[in-house]
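Produce the entire structure from the sequences given, and follow the hints as far as they go.
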Amino acid sequence: MSADEPTPAPDRAVEHDGVLRRTVAAVRAWRSRWYATPTLLVATFLFLAGLPLTLDAPVLGPVLGSVLSVNLLVVTLVWAIAGQGWNVLAGYVGRFSFGHAAFFGLGAYAPIVLAAQYSINPWVGLLAGAVLAGLYALLIGVLTFRFDVRGSYFVLATLAFAELLLAVFSNVDDLGGASGFVKPLPSRYGADYGLGAFQFQDQLPYYYVGLGLLLAVTLVAVAIKHSGAGLSLFAIREDEDAASAVGIPTMRYKLLALVVSAVCTAAAGTLWGMYFTTVRPSVVFGVLVNLEILVPAVVGGLGSVFGPIVGALGLTVASEIGRSVVDVPELQDVVYGVILLVVVLQSPGGMVTLPGKLADRLAPSRRSGDDSGEGSDDGDEAASNADDTSIAESPSIGHETSRGYDTSSGDGASDASDGDSDAG
Amino acid sequence: MPVPGPLLVDPTILAQIVALGLLLGAIYGFVALGLTIIFGVMGVVNLAHGAFTVVGMYVVWFAVDTLGLSPFLGIPLAGLTLFVLGALIQRTTIAPVLEASKGAAVLVTMAMLVILVALVEMGFSATPRELEVGKGSFALGGVFLPAGQVYALAAATVTFLLVWVFLRRTHTGRAIRATADDRVNAAYAGIDVARIDYLTFGLGAGLAGLAGALVTFIQPFDPFLGHEYLTIAFVVVVLGGLGSIPGTLVGGLLVGLLHVFGSFYLPGSYYQVLILSVFILVLLLRPAGLMGDPG
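Keeping their order, the protein sequence lines are chains G and C.
If you're matching positions, the first sequence starts at 119 in my numbering and goes up one per residue.
If you're matching positions, the second sequence starts at 3 in my numbering and goes up one per residue.
Hints are supplied without guarantee of correctness; some may be wrong.
If you only want the chain G side, here are some residues facing chain C, beta carbon under 7 Å, derived [stated by the list, open to error]:
hint, residue
1, N289
2, E448
3, L458
These are calculated hints, taken from the structure and not from any lab test.
Just so it is clear, CB atoms sit at the ideal spot from N, CA and C, and this is done for glycine as well.
Right under this line is the structure:
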């Protein structure tokens with residue numbers, strides 16, 4: 119319990135305790151209201167909408183501009199969208215995919231190939247990519263779920279399906295082979311630069327198109343999470359056999375989550391392809407794409423709709439700060455890896471649980487006091503106990519869950535449902 | 003599509019293909035050995051396995067290029083370095099999360115993959131490197147065996163036998179196998195499971211490093227080659243059975259033969275499609291692998 123920690127100036131702490139406690143309690147109470155999540159979502163998107171404009175502002179601009187650029191923000195949005203999609207499967211149903219590059223690549227290829235070969239508008243290509251990704255997800259889902267491929271085997275199976283597309287796209291000449299495809303000019307499909315053509319001469323419009331896609335994907339994720347389907351998904355995550363026993367059609371819900379997840383990730387791929395103009399199999403289907411998709415979601419917070427957004431932004435800012443300190447390009451990757459490591463070891467709930475933990479630190483509530491009273495003498499560890507369950511269990515990779523963990527899965531369920539409410 | 007070659011070929015050519023397939027397969031099996039040992043004992047899919055092989059490759063490169071040592075001396079050096087690195091990683095980052103969640107442990111290995119590859123790239127740049135020692139070949143009755151592959155096969159065979167004897171005949175080896183069988187009961191029987199874990203992870207990483215060192219004998223390498231070998235190692239261990247040591251040999255030979263025959267009969271790199279299709283089929287129909295225990 120953090121109350122046991124030696125405080126530097128005890129009398130001072132007592133003095134402030136009342137105010138702090140009341141503030142934290144008020145914030146907590148607000149966070150549990152029904153309108154809290156929508157309000158936070160609106161605030162998040164307003165913030166994101168204004169973010170690129172502040173880069174040009176007189177006072178903030180030079181400070182932010184030294185770290186961020188519109189280019190980086192577009193890339194951030196790509197991984198936030200993809201992570202939001204991945205999260206629907208991994209965070210909600212607990213099926214940890216290491217092969218979302220398959221859907222990402224299909225989304226990236228579809229609009230460019232269709233526009234270059236058949237003069238089809240990329241917006242139609244976006245839909246085509248989503249449909250293709252959805253169908254491929256359906257194939258993967260029917261096969262893996264039918265044969266009950268779980269845990270580590272699911273990780274490997276999804277990777278294999280992504281690598282399969284990598285091998286196929288590298289070899290089929292009509293798809294450009296290993297050298298890939300280059301995005302055609304808008305005139306190729308009878309359009310002019312602008313929203314209608316999904317091509318712009320400037321970076322900023324790509325950002326707002328990306329923000330629109332992120333909004334759409336996030337709304338889908340929120341709708342699923344806060345519906346009956348969402349409850350069923352979380353039930354499957356906690357204990358699939360029990361969920362099945364109480365009559366939840368687990369196969370149908372797992373397929374739903376996988377297909378939605380794939381479609382969202384394909385949208386990210388489309389944005390990536392249209393922005394970077396060239397798609398190559400090794401770049402959009404590669405092993406590293408799987409990493410880039412899932413790391414923001416894990417760092418931000420598995421199972422939370424804010425997680426992928428916060429994670430993607432946090433990772434971009436952190437690795438850019440890292441680079442501005444030491445100008446070695448590979449250092450960015452090191453920072454990226456270290457952040458993932460620190461989050462997994464120190465804060466398994468991700469960045470979205472940090473405000474909740476801070477609140478626990480400032481004013482331990484009764485609930486968190488009970489949770490952390492596990493006899494741990496380390497305040498940090500105790501505070502994170504509550505979140506441990508929700509993340510640690512959710513991406514159940516292990517081929518068998520350790521025994522100690524099964525007993526706590528009951529707590530996990532309640533933590534999962536209020537995982538977001540700690541985010542305020 | 004080019005015209006497919008005739009299905010029946012000259013016996014000498016066939017012997018050549020089989021020989022190449024077996025040589026390649028033995029290396030593939032050896033690359034997967036460390037992965038299967040870690041999975042068998044700890045139940046963790048080590049995503050950093052490919053990165054460990056890359057570190058092994060560059061230990062050899064460092065030994066040859068900077069220290070001026072023989073590449074053959076680089077092999078044990080790579081194994082030793084990676085053993086220490088693996089044991090350290092296990093002690094500091096995996097042990098704290100392992101009992102709580104296998105998923106978190108896999109995420110830790112994922113972070114290690116990113117960090118190690120970036121560090122290697124920082125230290126040695128992304129330029130592809132190549133050793134001279136692997137060039138040339140031996141002739142054996144009309145069949146040519148690339149020298150690098152033969153050296154690699156010899157080193158892999160010796161190591162494989164040593165690991166086999168270690169796991170079968172020594173007290174620690176038995177303790178490792180007992181832990182793989184049943185962690186809880188191994189602990190009840192007085193085995194220090196935490197110590198076994200870091201020995202195992204060190205052993206798995208060390209074997210990955212050795213495998214990486216051998217790869218430098220057979221092909222040019224860069225810091226990203228590990229991703230390719232990670233996928234190969236996954237395919238091999240699943241074909242052979244996750245956690246099964248003889249299985250890696252069988253799986254490796256199978257993948258090696260599929261690779262060589264696929265490249266001979268199929269255009270482009272369609273052999274990859276072939277290998278992955280077999281992989282997916284085995285995952286779906288017999289996830290315990292060809293040699294694993296389906297129970």
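Each hint tested on the structure:
| no. | hint | in the structure |
| --- | --- | --- |
| 1 | N289 | holds, 4 Å |
| 2 | E448 | holds, 4 Å |
| 3 | L458 | holds, 4 Å |
Checked against the numbered hints listed earlier, the structure breaks none of them; every hint is satisfied.
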